[in-house]
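Enquirer: One-letter residues, chain by chain:
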Amino acid sequence: GAGVSQTPSNKVTEKGKYVELRCDPISGHTALYWYRQSLGQGPEFLIYFQGTGAADDSGLPNDRFFAVRPEGSVSTLKIQRTERGDSAVYLCASRQTGPTDTQYFGPGTRLTVL
Amino acid sequence: SQKIEQNSEALNIQEGKTATLTCNYTNYSPAYLQWYRQDPGRGPVFLLLIRENEKEKRKERLKVTFDTTLKQSLFHITASQPADSATYLCALDASGGSYIPTFGRGTSLIVHP
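As given, the protein sequences belong to chains Y and P, one line each in that order. Quick note on the numbering used here: the first sequence kicks off at 1 and runs consecutively. Quick note on the numbering used here: the second sequence kicks off at 115 and runs consecutively.
These aren't lab readings, by the way, just hints derived from the structure by calculation. Among these hints, one or two may not hold up.
[As the list claims (entries may be wrong)] Have a look at the derived ranges for each label pair, beta carbon to beta carbon:
1) P:Gln116 <-> Y:Asn62: 17 to 23 angstroms
2) Y:Arg64 <-> P:Ala197: 15 to 21 angstroms
3) Y:Phe66 <-> P:Lys173: 23 to 29 angstroms
[As the list claims (entries may be wrong)] Straight line, CA to CA, 25 angstroms or less: simulated SDA-like cross-link-like pairs of lysine to any residue:
4) P:Lys169 <-> P:Pro196
5) P:Lys173 <-> Y:Gln96
6) P:Lys169 <-> Y:Asp101
7) P:Lys177 <-> Y:Tyr104
8) P:Lys173 <-> Y:Asp57
9) P:Lys117 <-> Y:Gly3
10) P:Lys169 <-> Y:Gln80
11) Y:Lys78 <-> P:Tyr213
12) Y:Lys17 <-> Y:Val113
13) Y:Lys11 <-> P:Arg219
14) P:Lys169 <-> Y:Gly98
15) P:Lys117 <-> Y:Lys78
16) P:Lys117 <-> Y:Gly53
17) P:Lys117 <-> Y:Lys11
18) P:Lys117 <-> P:Arg175
[Said to hold, decoys possible] If you want the footprint, here are the derived chain Y segments under chain P, 3+ residues with CB under 8 angstroms:
19) 18-27
20) 35-47
Built from N, CA and C at the ideal position, the CB exists for glycine as well.
Working from the sequences, and respecting the hints, build out all of it.
Expert: What follows is the structure, given as structure tokens:
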């Protein structure tokens, strides 16, 4: 079946602009994660959804970052007033339910803020 | 402070040899530890999970050990192939079966033909 998909694959924006990044998880997966990965680093946790609700958003760096998952499937990560330091690859992952179920990652969205 | 340490230097080995990658952690009490493979421009791919009460896990040419006393996991690839060249990430939960895995920075493995 289809894996996790993310759109767009690349996004270039100017400092101060608003961006939305989309994640389509594997059908039936209740858990969805957003991570941010900078060059040479591992994925850094941002937010975790269980169903429609954000179960843990402790990784969001500040209030410019927000994510939603209104129907418990597709999720959108929203970044307001982008800064150059927001440039990174944003990864989405989904898994069925439990913490030890396999986590499946999407290919990521490379965000570049000029 | 909590740390997950993976060797930042690339590991270069000859085809056919066994590659061994290390993941050390401090100030965590993980219930499980995972290993992932990541190729350039792609998302990580899950390889193996080992629980705190397991010493060793195997899958084909892969073997993972988990020593909660030493706070270390070793990841072995036997009979390595150039196609095994990638970055390998370890991830663990913060404590007690948390739903949030925390990742190390990964170690690059280069297998030379």
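Enquirer: Against this structure, judge whether each hint is valid.
Expert: Comparing the hints with the structure gives:
no.: 1; hint: P:Gln116 <-> Y:Asn62: 17 to 23 angstroms; verdict: 21 angstroms, holds
no.: 2; hint: Y:Arg64 <-> P:Ala197: 15 to 21 angstroms; verdict: 41 angstroms, violated
no.: 3; hint: Y:Phe66 <-> P:Lys173: 23 to 29 angstroms; verdict: 39 angstroms, violated
no.: 4; hint: P:Lys169 <-> P:Pro196; verdict: 28 angstroms, violated
no.: 5; hint: P:Lys173 <-> Y:Gln96; verdict: 22 angstroms, holds
no.: 6; hint: P:Lys169 <-> Y:Asp101; verdict: 19 angstroms, holds
no.: 7; hint: P:Lys177 <-> Y:Tyr104; verdict: 21 angstroms, holds
no.: 8; hint: P:Lys173 <-> Y:Asp57; verdict: 34 angstroms, violated
no.: 9; hint: P:Lys117 <-> Y:Gly3; verdict: 31 angstroms, violated
no.: 10; hint: P:Lys169 <-> Y:Gln80; verdict: 46 angstroms, violated
no.: 11; hint: Y:Lys78 <-> P:Tyr213; verdict: 23 angstroms, holds
no.: 12; hint: Y:Lys17 <-> Y:Val113; verdict: 9 angstroms, holds
no.: 13; hint: Y:Lys11 <-> P:Arg219; verdict: 24 angstroms, holds
no.: 14; hint: P:Lys169 <-> Y:Gly98; verdict: 22 angstroms, holds
no.: 15; hint: P:Lys117 <-> Y:Lys78; verdict: 29 angstroms, violated
no.: 16; hint: P:Lys117 <-> Y:Gly53; verdict: 29 angstroms, violated
no.: 17; hint: P:Lys117 <-> Y:Lys11; verdict: 32 angstroms, violated
no.: 18; hint: P:Lys117 <-> P:Arg175; verdict: 28 angstroms, violated
no.: 19; hint: 18-27; verdict: violated (count 0)
no.: 20; hint: 35-47; verdict: holds (count 7)
Consistency with the previously given hints fails for numbers 2, 3, 4, 8, 9, 10, 15, 16, 17, 18 and 19, ordered from lowest to highest.
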